[in-house]
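Modelling step: build the complete structure from the supplied sequences, incorporating the hints.
Residue 39 is where the sequence shown starts when you use the working numbering, and the numbers rise one by one after that.
Any given hint could turn out to be false.
In silico DSSO-like pairs for lysine-lysine, Cα to Cα no more than 27 Å straight-line [said to hold, decoys possible]:
1. 80 with 138
2. 189 with 313
3. 263 with 54
4. 263 with 138
5. 189 with 215
6. 56 with 138
7. 243 with 278
8. 338 with 313
9. 154 with 313
10. 189 with 338
11. 338 with 56
12. 115 with 78
13. 263 with 278
14. 313 with 138
15. 180 with 278
16. 215 with 56
17. 263 with 56
18. 263 with 78
19. 278 with 115
No lab work stands behind these hints: they were computed from the structure.
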Amino acid sequence: MLRQSIERVIKRNAPKEKAECVVIGAGIVGLAVARELSLKGKEVLVLDSAPTFGTATSSRNSQVIHAGIYYPPNSLKARFCVRGRNLLYQYCSQRGIPHKQIGKLIVATGPSEIPKLNQLFNRGILNGVEGLRMLDASEAIKMEPELHCVKALLSPASGILDSHSLMLSLVGEAETKGTTFSYNTTVIGGHLEGNQMALHVSETKTLANWDGNTPLQPDLILIPKFVVNSSGLSAPALAKRFRGLNTATIPPAYYARGSYFTLSNSNSTRHPSFKHLIYPIPEEGGLGVHVTLDLDGQLKFGPDVEWIHHVPDTTSFLNRGICVLLPCFPTLKDYDHKGGVASVWRVKNFYPTVEGAISLEGLNIL
Numbered sequence: 039m040l041r042q043s044i045e046r047v048i049k050r051n052a053p054k055e056k057a058e059c060v061v062i063g064a065g066i067v068g069l070a071v072a073r074e075l076s077l078k079g080k081e082v083l084v085l086d087s088a089p090t091f092g093t094a095t096s097s098r099n100s101q102v103i104h105a106g107i108y109y110p111p112n113s114l115k116a117r118f119c120v121r122g123r124n125l126l127y128q129y130c131s132q133r134g135i136p137h138k139q140i141g142k143l144i145v146a147t148g149p150s151e152i153p154k155l156n157q158l159f160n161r162g163i164l165n166g167v168e169g170l171r172m173l174d175a176s177e178a179i180k181m182e183p184e185l186h187c188v189k190a191l192l193s194p195a196s197g198i199l200d201s202h203s204l205m206l207s208l209v210g211e212a213e214t215k216g217t218t219f220s221y222n223t224t225v226i227g228g229h230l231e232g233n234q235m236a237l238h239v240s241e242t243k244t245l246a247n248w249d250g251n252t253p254l255q256p257d258l259i260l261i262p263k264f265v266v267n268s269s270g271l272s273a274p275a276l277a278k279r280f281r282g283l284n285t286a287t288i289p290p291a292y293y294a295r296g297s298y299f300t301l302s303n304s305n306s307t308r309h310p311s312f313k314h315l316i317y318p319i320p321e322e323g324g325l326g327v328h329v330t331l332d333l334d335g336q337l338k339f340g341p342d343v344e345w346i347h348h349v350p351d352t353t354s355f356l357n358r359g360i361c362v363l364l365p366c367f368p369t370l371k372d373y374d375h376k377g378g379v380a381s382v383w384r385v386k387n388f389y390p391t392v393e394g395a396i397s398l399e400g401l402n403i404l
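Shown next as structure tokens:
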């Protein structure tokens with residue numbers, strides 16, 4: 039019934055429909071929320087403007103399972119990362135989702151970086167990260183012969199996974215429990231009816247020429263008891279289009295572009311071989327340009343953090359990224375490089391004042 043209502047053509051007076059739980063956005067966060075709500079016996083409707091799930095940042099990231107080293111002790115991020123990592127490994131193992139606990143090396147390429155590496159070690163211990171160990175240069179290079187460093191921190195709890203398989207599993211479990219997915223469906227805004235959120239919904243195809251600001255007649259008005267805004271990059275702008283919501287509670291969004299590149303060895307008789315994730319000392323605003331690999335062994339370098347208002351040319355990152363990586367991977371210059379792009383964003387969390395509404399902003403998927 040809900041799906042049929044959403045698919046109606048635009049009418050002068052949009053029909054209203056009640057719902058129990060609406061999740062806006064079918065990325066990894068929205069899918070996990072929908073699954074959990076459905077397991078609790080809730081009637082869940084997931085709306086996404088794309089033709090399918092996970093088309094944005096959920097499919098443009100490093101696919102890394104982080105151990106929980108970087109976050110301030112006792113912070114929510116630290117606690118959730120450590121607990122979430124254990125739950126994620128358990129979930130993947132039980133459901134046959136491809137993953138590997140390959141471990142990570144955080145490297146210091148000069149003596150000046152050693153104090154920061156020691157700080158990370160101490161922070162990880164306080165956060166409850168298991169198995170952390172400091173390595174001298176010879177130990178690290180024995181593990182990764184291509185590496186150059188003076189010291190390294192080994193995090194054996196870090197790993198990689200197949201994010202698409204993970205999302206497929208979440209979708210399947212949610213659907214089995216009765217969750218309805220409505221793709222090509224956009225929440226264009228909303229308003230308050232008493233202390234409830236009313237969502238203005240339209241088919242995505244009718245919005246091709248919409249500027250995002252001009253008032254638009256929706257196809258349908260949904261009035262859920264509970265709504266989760268997990269629309270990723272669109273979450274801050276969408277929150278501002280809810281009439282009656284205190285916009286002072288919505289912090290500004292700061293968008294960052296993260297770029298990756300991969301290697302081809304057409305100019306070399308050998309291929310670089312890594313068995314672990316390789317990370318530098320973290321930089322302001324990110325974890326630094328790092329070395330990751332997928333489950334097939336394909337190397338990927340990135341992302342950098344570039345605060346943007348528009349999408350720049352990728353060649354600037356290729357040159358910059360190679361220069362950043364050369365201190366810990368000197369042979370990188372011997373290989374051909376090709377670029378790729380992943381969008382990442384950061385913003386402070388938003389706490390709405392409307393009962394039954396949660397806006398999930400500021401969640402980084404790296």
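Now for the hints, and whether the structure bears them out:
1. 80 with 138: Violated, at roughly 33 Å.
2. 189 with 313: 18 Å, holds
3. 263 with 54: Holds, at roughly 14 Å.
4. 263 with 138: The hint is violated at about 40 Å.
5. 189 with 215: 49 Å, violated
6. 56 with 138: With a Cα-Cα distance of about 43 Å, the restraint between residue 56 and residue 138 is violated, given a limit of 27 Å.
7. 243 with 278: Holds, at roughly 22 Å.
8. 338 with 313: Holds, at about 13 Å.
9. 154 with 313: It holds: about 24 Å lies between the C-alpha atoms, which stays within 27 Å.
10. 189 with 338: It holds: about 23 Å lies between the C-alpha atoms, which stays within 27 Å.
11. 338 with 56: 46 Å, violated
12. 115 with 78: Judged against 27 Å, a Cα distance of about 24 Å means the pair holds.
13. 263 with 278: Holds. Residue 263 to residue 278 sits at ~20 Å (cutoff 27 Å).
14. 313 with 138: Roughly 11 Å separates the two Cα atoms, so the pair holds.
15. 180 with 278: 53 Å, violated
16. 215 with 56: 19 Å, holds
17. 263 with 56: With Cα atoms ~8 Å apart, residue 263 and residue 56 stay inside 27 Å; holds.
18. 263 with 78: Distance of about 15 Å is within 27 Å: holds.
19. 278 with 115: 25 Å, holds
In this structure, the hints that do not hold are numbers 1, 4, 5, 6, 11, 15, in rising order.
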